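Using the hints provided, position chain B relative to the given structure of chain A.
The primary structure of each chain is shown beneath.
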Amino acid sequence: MKTETAKAEAVQQCLDHYEQNSRGRVVWLFVCCILLLLLVVLALLVGASGLTPGQALAGLAGNGSATAVTIVRQIRLPRVLVALLAGGGLAVAGSVMQCILKNPLGSPFTLGVAQAAAFGSAFSIVMLPGNEFYTLTTAAFTSALLAALLLLGLVRYRGITPATMILTGVALGSLFTAGTTALQYFADDVELAAIVFWTFGDLSRATWTEIAIMVLTFFPLLGYFLYHSWDYSLLGAGENSALSLGVPVERLRVGGLLAAALLTSVIISFVGVIGFVGLVAPHISRLLLGTGERGVFLFSVPVGALLLLAADTAARTLFAPIVLPVGILTSFLGAPLFLYLVLRRRGYRWG
Amino acid sequence: MGLKIKELNFAYGKHPVLDNISLEISGGEVVALLGPNGSGKTTLLESLAGILTPEAEKLQLAGESLQALERAERARQVALVPQKERRPFETTVFDFVLDGRRPLSGWRPSAGDREKTARTLGELQLTDLAGRLYHELSGGQQQKVLLARALVQKPDLLLLDEPTANLDLKHQMEVMETVRARSGKDRIVLAAMHELTLAGRYCDKFILLNNGAVHSVGGPEVITPDSVAAVYGVEAEVTEQPDGGPRVEPTRPL
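Chains as they are written, first to last, in our numbering: chain A, 170 to 520; chain B, 19 to 272.
None of these hints come from the bench; they were simulated from the model. These numbers come from a predicted model, not from an experiment. Cβ coordinates follow ideal geometry from the N, Cα and C atoms, glycine included.
In silico DSSO-like pairs for lysine-lysine, Cα to Cα no more than 27 Å straight-line: (1) B:K172 <-> B:K223; (2) B:K188 <-> A:K176; (3) B:K24 <-> B:K76; (4) B:K76 <-> B:K32; (5) B:K188 <-> B:K102; (6) A:K176 <-> B:K172; (7) A:K176 <-> B:K203; (8) B:K76 <-> B:K223; (9) B:K22 <-> B:K203.
Label pairs and their calculated CB-CB ranges: (10) A:L385 <-> B:D186: 57 to 65 Å; (11) A:A332 <-> B:A231: 29 to 37 Å; (12) A:T239 <-> B:E154: 55 to 63 Å.
Reference excerpt, derived from the structure (chain A facing chain B, CB under 7 Å, subset only): (13) L184; (14) Y187; (15) K271; (16) S413; (17) G415.
So that you can see chain A by itself, here it is in the shape it has in the complex (with noise of 0.2 Å):
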């Protein structure tokens, strides 16, 4: 009998100590939450037009002079918005195509679709006449999600496979590369320089309508990843244990591209290549969670968005009333991120 309790203390520990684990994870989404929270705050009462604080703050509430309500209303709070949809998109994609590649170097942008979305514009812009901005974002999302179908169907001739997929979406990254920088060459200066700043990435370009859109791809593919986030973790263990657990492998491998595919292509048409935020996100969660990939994708999210965020007002303020578009930011800050991810945790193993 002695032994009967002992063994049931001994479970019931194990348990405590994995709910008091767990715990902890939701402690440290809450401070992610809080920290978003004031960043969002702060990001709407700093900037590059010379308002002050109480200017904004009376702006925002409607009953400041009519410019700071434009100021803050109209340029300010959607810029926000866009911050964080597009953060968290980027690396809730990202987590997603790490699962998918099994590889820990995955973001959005490893299947080529920025690339493409480059191409897109490129092509709008030297080929396409009015030079509008809806023109451009249809042809860079047209040209993304291209890519995207193109690549499935050159990968089910051997398989989709991590290693097909990263080979041919390298492949197909340059052969968009390649077209870009044919289109350059044929473009006159006005053309060049809008395709250069193009892949800058900038949040300023999307409005409410643009944000509107997001916002209905963002939230029922994050649903979609969320609920089936324990499947996608299993997709790490390896395709065999994945399958004999139960795991339907390839349905999730082209669901999932798709799915990342889409928000990825949604994101950057809208606001340009945004780098390293897919790819640091996802680490950076795993860094706070401690282990369980399931967690991964809603953890994320926050992140993403906190990085975006953070990246973008500092772009904002850092040499006002100068405004840096924020991709060349979180490519500065992403890249010793990273690397002091990489060099921190000895984990990660490859293949």
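Same frame as chain A, but now just chain B:
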């Protein structure tokens, strides 16, 4: 309860690997799947686990066709313990074993899943490792964790792919003792193995595979100098262990 396999064939492209396998195993039996490298042991296990899709006249577990089952449904009945598993990201032992509840659970683990995981860890004396990282464990510990994950899956058919490969003597015995202890009349255990004497000690029944075909099936009496010579190509002395299983002492390659 019972596993019926009739005329099962599998080929990688044009290269046949399993050739007309027909077997019947009853519930409660612990069966050793024996044969040299390349004889089709792993392919047979993967065919039963649904990782590969073989052609078979009949593939039934407890009278139900395994091939007709959905993947998750199948995983509720059949569990596979792979030789090893490598993951790109760190996982604690607890989370690793909890993954075995995937086919029996909703979109995320329930309190019941966590409790069953903790209990199985306790029964396998793995509680102290629960918070450790899987990839930092020794080979023997990893093998036990893989076994624990398959056990929380509560399978009717438990498949093990060389569960004692690369383990020291103590871990070999511990793993086999656990397998033995967790067998039962509602469960079939089928283990691909290389160590004949170890298999002889812990298994009720032996299947000898040779070039993808069944050479012989049966109790300890099928392990004879002749069958070992025919399947493994070695000369061997076969004696009896104290508890009745065969002890195989290879003497020279033929």
